[in-house]
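**Student:** As a plain string of letters, each chain reads:
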Amino acid sequence: MTTPKPTKVILAKLGLDGHDRGIKVIAKALEKAGMDVVYMGMRVTPEQVVDRAQREDADVIGISLLSGAHKPLMTRLMKVVDEREMRGETLILLGGTVPDGDREALAEIGVDGVFPVGSSLRDIEAFIRERLSDGAQS
Amino acid sequence: MTLYDKQAARKAKEAELAWEHDELRRTLERAPESQERFLTVSGREIDRVYTPADAPDLDYAADIGFPGAYPFTRGVYPTMYRARQWTRRQIAGFGTAKSTNERYKYLLAHGQTGLSTDFDHPTLTGYDSLHPLSEGEVGRLGVAIDTARDMSDLFDGIPIDKVSISLTINHPAIALLSFLLAHAEKVGVPWETLRGTVQNDSLKEFHGQKTFALPPRGAYRMTMDVVEFCTRNVPNWNTISISGYHTREAGSTAGQEVGFTLAQGMAYVEGGLQRGLSPDEFGPRLSFFFGVHMDFFEEVAKLRAARRLWARIMKERYGATDPRAMLCRFHSQTLGSTLIREGALNNLIRGTTQAMAAVLGGTQSLHVSGYDEAHDIPSEDAMRMSLNTQRIIGNETGVANTIDPLGGSFFIEKLTNEIEEEALAYIRTIEDMGGGERVLAGMFAAIENGYIEREISQAAFDYQERIEEHAYKVLGLNEHEEDSVPPPELYEHDDDEEERQIARLEAVIHERDTARTETALEALRQAARGNENTMPFILDAARADATEGEIMGALRDVFGDHEDPGIF
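In the order they appear, the protein sequences are chains H and L. The first sequence: position 19 = 19 (the numbering used here), numbered continuously. The second sequence: position 183 = 1183 (the numbering used here), numbered continuously.
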């Protein structure tokens, strides 16, 4: 039996948005929970995020947006994810100021989980573990 | 002379010990307290009760004094709100300049006494509305300003020589202030009559707000170019609003907020001295900006500590002799991050509490964040309530009748001492990173080695952990979940504003004398490569309708780009 590889998480902020408190707290929490976390910083492009995730065989991509530009930017990200045929392979999560009314549209384009401002760190961690173990079983 | 007679303080301590042994012990045996430790929002442990023995060395004249007199612990003016209440300055900005201009007129008609401008992300980071990175963010979280003509639209019909204006912008501050000065020329308002503030705090952008446009040293030079130019040409303008608000929003403690912010201030003072300015010349035009969190007494003490420490630094370290150069005058804003989505009307109570702390802490101007801001940028109704909060505190509660009413409280004086010491310890750490001679070198080192970001990020994490563990209860967040009913009348974002702004920009580019613009931009590049003050060149570019993105682009050509290191 080999030691299981720790869950690899790529975190990034897209666009010009500078609100990075939440994503840094999440990075710390997931690292503390034993995951292997890369935080790429702000003003990263969807291509850069997906490249990194592909190169490092990431289990999770986590995007933070508090700029209100989540719809166009997540649409662009998902387009790159689809081009690389990574849909279903990598869990795509979004956190930030996301109105409830936008959740359905985000789910439709393939965002697996949305965690608005005020979400619990424990819930995010549990969601990742649950979804990854579901994936492993299927 | 110490505030409390030594013998009296000793007696108080003895009495306290006796009380602990007697009444307190018996009570605790019957019923223990609800928590083992009582912590402030910043994680500072708070005692059960405070007595003169907690600040035995406090000297009334040296440490507290009188309002308007060194060390200004009690307030920056001798009469404070008895002469004039604080300026009610609600920030506003969204969509195009025309839309924000309408909001300004609404606010002025509803009791606002000063204007403050919130810019969108592309403007804050020095990109035009046409730039690919700007997609989806034009006019979204603030107003989009691309050229001096947009600035004219923003202040159309507003008497800029009478209403004070605050421009909340940092790395591109030099460009946006040039747009405003160009507008003043157009409407015939002399620069000397302009009163207002440009945030222009370039150093904090690397750990708070994070809307940087240039690398640290280039951005710092632009900040100092504004200070130097305005000291000589726009004498009533506040050249930097040294900001702790964003540091606090990034998750810092109260002590870090004061420590890092004053360290930024010291770096700017040292830059002014390097340029041959006297602290008495430019010191009076430096102002501050703090956030106000929920922990009422800690916030009041924080503001008192900042005022006292800054006065001591300016006088003792930098040799200021004009008392006005020692004043930590500040704007405050109730913290947006304390607003909760669930049960949005509860935020009115949060805003009121924080605003009250700002007033008891002696603020010069105030923004109360809108109760609906956890949902979107504030609606008109939310801004009206924020103004009403300020009016009710100012006119109905009587708190403005006397100055620093909490001064002399055993608890407040002890907290003030503690926060001052904590802030000073951060300043010394930063100074040591630069070799220990100047804070400026230390600030660059502390930015480049990630020290400040890591400290803040750790504090943000510790706070979040206390929320997760329910050690700090926040209604609607980790206690008594309410229905997620959005507040009435949310601001409705108009998606067409982005297109309108882009069309406006294209029209300006089409109409202008492009050869003149290009010449101005090339002259700016030349100046930036050398040691000249760049502001006259940026003003020329502004008059030639150069766009903000072109001006900042010319500076990027010389200073390079900055990449976020992704520290956590």
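Hints are not guaranteed to be accurate.
Some chain H residues near chain L, calculated using beta-carbon distances under 10 Å [stated by the list, open to error]: (1) P4; (2) S67; (3) K71; (4) R122.
Derived lysine-lysine pairs resembling DSBU-like cross-links, with alpha carbons at most 35 Å apart [said to hold, decoys possible]: (5) H/K32 / H/K71; (6) L/K1105 / L/K1013; (7) L/K1473 / H/K8; (8) L/K1473 / H/K32; (9) H/K5 / H/K79; (10) H/K71 / L/K1098; (11) L/K1011 / H/K71; (12) H/K79 / H/K8; (13) L/K1473 / L/K1315; (14) L/K1162 / H/K71.
Everything labelled a hint here was simulated from the structure, so no lab data went into it. It should be emphasised that the depicted structure is a prediction, and the values quoted were computed from it without experimental measurement. C-beta: ideal position from N, C-alpha, C; glycine also.
**Student:** Does each hint fit the structure? Answer for all of them.
**Tutor:** So, going through the hints one by one against the coordinates:
Below 10 Å, beta-carbon pairs count as interface contacts, and H/P4 has none with chain L, the closest being about 24 Å; its hint is therefore violated. A least Cβ separation of about 5 Å between H/S67 and chain L falls short of the 10 Å threshold, and the interface hint therefore holds. Interface hint at H/K71: satisfied, since its Cβ lies 7 Å from the closest Cβ of chain L, which is below the 10 Å cut-off. A cut of 10 Å between beta carbons decides the hint on H/R122: the least distance to chain L is about 6 Å, and the hint holds.
For the given pair, H/K32 sits about 31 Å from H/K71 by alpha-carbon distance, which is consistent with the 35 Å threshold. The suggested pairing of L/K1105 with L/K1013 is violated, with an alpha-carbon distance near 58 Å, which exceeds 35 Å. With a CA separation close to 32 Å, the supplied pair L/K1473 and H/K8 stays within the 35 Å bound. The suggested pairing of L/K1473 with H/K32 holds, with an alpha-carbon distance near 23 Å, which does not exceed 35 Å.
Note on H/K5 and H/K79: the hinted pairing holds, with a Cα-Cα distance of about 28 Å set against a maximum of 35 Å. A C-alpha spacing of about 26 Å is found between H/K71 and L/K1098, which places the hinted pair at or below 35 Å, so the restraint holds. Restraint check for L/K1011 and H/K71: the C-alpha separation of about 67 Å exceeds 35 Å, so the hint is violated. The straight-line distance between the Cα atoms of H/K79 and H/K8 is roughly 22 Å, inside the 35 Å bound, and the hint therefore holds.
Between L/K1473 and L/K1315, the direct Cα distance comes to roughly 42 Å. Violation of the 35 Å bound is thereby established for this hinted pair. For the hint pairing L/K1162 with H/K71, the CA-to-CA distance comes to about 42 Å; that exceeds 35 Å, so the pair is violated.
The structure is inconsistent with the numbered hints 1, 6, 11, 13, 14, although it conforms to all the rest.
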